[in-house]
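Asks: When you get a sec, could you build the whole thing from the sequences and use the hints?
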Amino acid sequence: MTIREVTSEIEKYIAMPQAEDFDNVGLLCGLPSREVTGVLVCHDALENVVDEAVQKGYNLIVCFHPIIFSGLKSITGKNYVERAVLKAIENKVAIYAIHTAFDNDFFGVNAGICNHLGLKDLNILQPKKNNLKQLSVYVPTEYAENVKEALFAAGAGNIGFYDQCSFTIGGDGTFRPVEGSNPFSGQWNVRENADEKMISVIFEAYKQSQIISAMKEAHPYEEVAHQVYNLDNENQYSGLGMYGELDQEMEEKDFLQFVKDKFNLKVIRHSDYTEKKIRRVGVLGGSGASGIKSALSRKCDAYLTGDIKYHDYFLAESKMLICDIGHYESEQFVTQQLFEILSQKFSTFAISKSSERTNPVNYFL
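In numbering that gives the first Met the number 0, the protein residues as written are 0 to 364.
I should point out that these hints are in silico values taken from the structure, not numbers from a laboratory.
30 Å max Cα-Cα, derived BS3-like pairs, lysine-lysine:
# : residue 1 : residue 2
1 : K119      : K308
2 : K261      : K119
3 : K127      : K318
4 : K128      : K11
5 : K259      : K275
6 : K265      : K352
Fair warning: this is a prediction, and the values are worked out from it, not measured in the lab.
Replies: Okay, here's the thing in structure tokens:
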């Protein structure tokens with residue numbers, strides 16, 4: 000199996016186009032046509048991780064954080080990024096990153112945090128906006144089901160935990176073929192009346208090209224009458240962060256100890272106590288100060304994330320307990336999640352979790 004085939008399978012589970020615009024996800028280096036000898040799963044593809052892959056005889060690293068984040072103008076080994084990439088290229092090791100594609104995934108990073116905390120009734124904290132579209136297409140009645148099936152197969156009509164969703168209205172269509180046309184029915188310069196259906200489906204914006212292509216291929220008309228609309232609807236199943244409910248409410252100090260135990264933490268930085276009990280908890284893996292206001296608007300009693308700055312804690316307004324559990328610590332379950340996904344999909348080559356440490360933060364206690 001080639002690297003291209005492996006990454007294509009990964010992308011059936013984790014949609015890369017849902018990554019943030021600033022991000023650098025996908026295949027960062029390596030030949031897509033090369034046969035895979037083994038996969039090493041890690042958090043950061045640092046030089047010591049590349050060494051481990053080479054030692055194991057693996058030629059594909061699937062990592063969370065992209066080692067190449069800003070544009071490289073040269074690769075001479077002058078810093079830790081260039082040394083890792085240079086070593087990977089020299090040893091024919093490909094690096095594939097998922098980062099915010101997995102952050103925005105309903106079953107991704109934040110679902111892993113919520114599941115570890117035992118939260119129920121999960122919802123996206125910051126749903127993606129302006130990434131949903133609606134297609135309406137007019138089809139001869141006898142071809143409506145064929146076109147509908149083609150749209151579904153291309154990924155249209157997926158809404159949350161439902162698929163093949165559509166709405167169809169019947170009506171009378173008219174058209175008049177003119178010179179130069181090759182009409183499916185009718186003749187030049189004579190207006191044709193047709194019994195047609197209007198099929199409407201919703202889809203994620205990144206699927207538009209494949210959906211339109213599938214529609215046109217299945218449609219009998221030479222010119223396919225259709226419209227695509229941008230929707231203002233929030234996508235409730237894609238976005239950053241999550242929130243959910245604990246089975247039982249906790250005192251704030253008991254909650255902090257609970258989090259320390261669950262995440263194996265040495266310390267938690269947090270805002271002032273609110274003197275409220277904790278039931279609804281918001282989470283956002285990685286740097287999550289941007290989610291504080293969203294967590295407040297969702298009436299979260301506590302919010303877990305990383306990289307909180309001094310002034311960010313004031314945003315709690317004594318209404319919510321803000322907890323900085325550390326960037327890496329909030330994402331620590333990602334490697335296991337990726338390992339489980341890959342292990343379920345592939346059995347023809349070895350898949351291992353990296354044993355190398357990549358967290359740069361240490362504590363002196």
